[in-house]
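Visitor: My request is simple: use the sequences and hints to build the entire structure.
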Amino acid sequence: MGCTLLIRSAGHGPYVGEPTLPTLDYDTEGAFNRGSLCGCGNLSLELCSHPRRFESPRMRDAAGVLQEVTWSKALDEIAARLGAIRRESGPGSVGLWLAPSLSNEDAERVARFARLLDVPNVDSGLPEDQALLGGIERAGVSVERVERIEQLAGATAMLCVGDVLTLAPCLAKPVLDARYDRRQNLLGTLAGARSRTTWFGKPDLRCAPGGETAALALMLHVALLGGHGRGVPWRQSALDGLDAIGIATLERAAALRRDAVASLVDALAERPGTAILIGVGFADRARPDLAAGLAAMLAAVTDSRLLAVPQGANAVGVRRALRAEGYPDRAGLTGPEMLEAALTGELRALLLFGLDPIAATPGHLARSALGRLDLLVAADVLPNRATHRADFVLPACVAGEKHGHFTNAFGADLELGVALRPPGEARTEAFLIGELERRMLGGAAIRRVPEPEQRPGALEQKSGGGLFADLDLFLRLQEREHTGREVGTHLLLGRADPAQSGDGSWTRHLSWPQHDTPRPEVSLAVEDAAELGVRTGDQVRLRSPGAEVVLAVRTEPRLPRHVVLAPGSEPGVRDLLRWRLDPALRQIALDPVRVSVERVDGGQP
Amino acid sequence: MTSAISERKVTKRIVLDLDRCTGCRACGAACHVGHHGQTNLVPGVVADAAVLPVHCRHCEHAACVEACPTGALYREEHGFVRRAEVLCIGCRSCSFACPFGAIGDEFVRHVSPKCDLCVDRVVAGGVPRCVASCTSGALSFVELEETVGTPEYVGGRIRSRGTTRRA
Ligand code: SF4
Ligand code: SF4
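Sequence lines, in order, name chains P and V. Oh and the first sequence: position 485 is 485 in our numbering, straight run, nothing missing. Oh and the second sequence: position 115 is 115 in our numbering, straight run, nothing missing.
I should point out that these hints are in silico values taken from the structure, not numbers from a laboratory. Worth double-checking, as some hints may not be accurate.
To be verified - Okay, the calculated beta carbon distance ranges per label pair: (1) P:Ala255 - V:Val86: 40 to 50 Å; (2) V:Pro69 - P:Gln67: 50 to 60 Å; (3) P:Arg257 - V:Arg75: 53 to 63 Å; (4) V:Arg75 - P:Pro560: 50 to 60 Å; (5) P:Pro560 - V:Glu76: 23 to 33 Å; (6) P:Ala584 - V:Ala124: 54 to 64 Å; (7) P:Arg148 - V:Gly125: 47 to 57 Å.
Claimed, not checked - A short list of chain V residues far from chain P (calculated; beta carbon distances all over 12 Å): (8) Val86; (9) Ala97; (10) Thr147.
Using N, Cα and C, we set each Cβ at its ideal position, and we do this for glycine too.
Guide: Shown next, in the form of structure tokens:
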């Protein structure tokens, strides 16, 4: 879940009652945000008793059919095959990829297991989240984080980048408290298209679709030129980097004028208690790392607090736990790199803990990569496209069925206890890892975990020129892409969906999303819809090379022409996208995708 | 009998603050979970621009009760308008009669959806699920007398006009 049990922003677990009979309660006196629970959070209990939950281990037989087996049979086989691959091709041929919904302890356990096996390839979370959090680290600036909900509720000026209120609906109360607390309070929103967050924008800065990164660079430039941030040590180097790009270029790329952003920038810098919130920019997924780095710099220059809102429930905690164990390792591979290595045969075995790489990475590559592996093990709770391809499926537990700590977006560790028994033979990651360790290394091995070397993670770099050089390159590519638009094609942008969380691979199974948005919709500009001869409720087919999806139409009055907005978590939509590995980021960078849109005849869906 | 009802009457009602609702539909999800998969909140689509929950006002003179041919809709002891599931034949008369469009057309087990104001929680001193769950503080459960008199109140909805309201 994107917000499993209010991990992201609230401070209490909603489970009460007997362990076997939990009910959902709303703590309206709760210190964090007074009982709010997003749509997916409300449905979280469905996961516990979902009829499609995996309840016993499964192993693919010689005929390619997944058959139920005992835990000991599955674990013996996995240990033997993993051991053989490690011996034959070295520990570098094995990879582990963790979901951002795991607990901190589970992430530590998996990392220590990998270190025991000398496996360098361990990554966590959704690539976009890694880019968001990595981008802030990479900027290397010292910035205060939002650590308490009151720091949002009491803000006198705020900037929301991306659709943060859809990504984290539980932030709505404090953000709107700040918005309505006093008439002169400012809640600036920055986005390329209308969203739940931009409804509340005052000012509502509407940049070009995909122009958030340029807009943030423009705001940073305006702030520096306006004399703000005199105390930051990298002020001159940032000014030089931005001057080299040129403010006119930034204005053009953002489709915003410097005067339009100046008053908000001044308010952020001059008022007390200001904040900048950034979610994974759905309209700007190409380089969320650059946008996040620039947001961090803008926060430092304007003396604002920063809050990064990832998609994964425990993205911050799992990332932190892995880094404490020395991952991502410079010598190892990140998740998307593992997929590329699987295609070349360099990676032969992959262990997935609650993560479906096909949902987590858009496009086709993950599907082919998983098919090339000699061993694919998926520990998960519900079927997904990775479990369909796995050699072994191990039934795992959801939060509430196991004890653990989770770190919310504010950086606070929250403890969740065991409220109910897992179904059937589902077991925790602790059990699975412990048993594999025992089989592969013997019981004594746990005391011999080598300490991680104290070397900077692969994503850490010094602040300064690198970011602006990347920004310059990114803007040039973007400009080329925009000017080279083929007639009749539309720029495809992702829209956050309040009924889906994370990569949607769990929430898709819940009854509410199916009830609430039974038909995925694509937003079209009113003029584009008229040109195609379609109205809200009709169907259109979106095509990109090698993929197509049929979606219901929703016309959108203020959407720019030749841009379509489609749910970013919808598998068919993700198939339309293409990505490449960004060498600096070592995560995915999405190529802008143009799709053709055609009317599907035959009436309404 | 009458005095027993008036003693137990709950005079609070759900009010929606139009300026705060983000359209996240967490209220609908809470209702869905709390009512065995039937959502009694109707999503009101405002000119393709916003989605806001339409909730039942539990009217003093309820058109839905008048319209129901089987007597499935009735006023219960706390003053709420409820639906007796076994009597409902799913004819949609109530849905057509309600001036607010608060009864949707999502038929579950062949009965129409009808808000019961989460009577189980309210009589125990709580607030309805949608109000508790609302992510933005747009929904509140307030004394009708207090709200109706304010200039912002318009038929079950308020515009906050820059004030902070909390659930
Ligand atoms: S359903 Fe409509 S008519 Fe009936 S009590 Fe509710 S608001 Fe009034
Ligand atoms: S939960 Fe609150 S903010 Fe969300 S749709 Fe319902 S009333 Fe609006």
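Visitor: Indicate, hint by hint, whether the structure satisfies it.
Guide: Checked hints:
{"no.": "1", "hint": "P:Ala255 - V:Val86: 40 to 50 Å", "in the structure": "violated (60 Å)"}
{"no.": "2", "hint": "V:Pro69 - P:Gln67: 50 to 60 Å", "in the structure": "holds (56 Å)"}
{"no.": "3", "hint": "P:Arg257 - V:Arg75: 53 to 63 Å", "in the structure": "holds (59 Å)"}
{"no.": "4", "hint": "V:Arg75 - P:Pro560: 50 to 60 Å", "in the structure": "holds (51 Å)"}
{"no.": "5", "hint": "P:Pro560 - V:Glu76: 23 to 33 Å", "in the structure": "violated (52 Å)"}
{"no.": "6", "hint": "P:Ala584 - V:Ala124: 54 to 64 Å", "in the structure": "holds (57 Å)"}
{"no.": "7", "hint": "P:Arg148 - V:Gly125: 47 to 57 Å", "in the structure": "violated (29 Å)"}
{"no.": "8", "hint": "Val86", "in the structure": "holds (24 Å)"}
{"no.": "9", "hint": "Ala97", "in the structure": "holds (25 Å)"}
{"no.": "10", "hint": "Thr147", "in the structure": "holds (17 Å)"}
In this structure, the hints that do not hold are numbers 1, 5, 7, in rising order.
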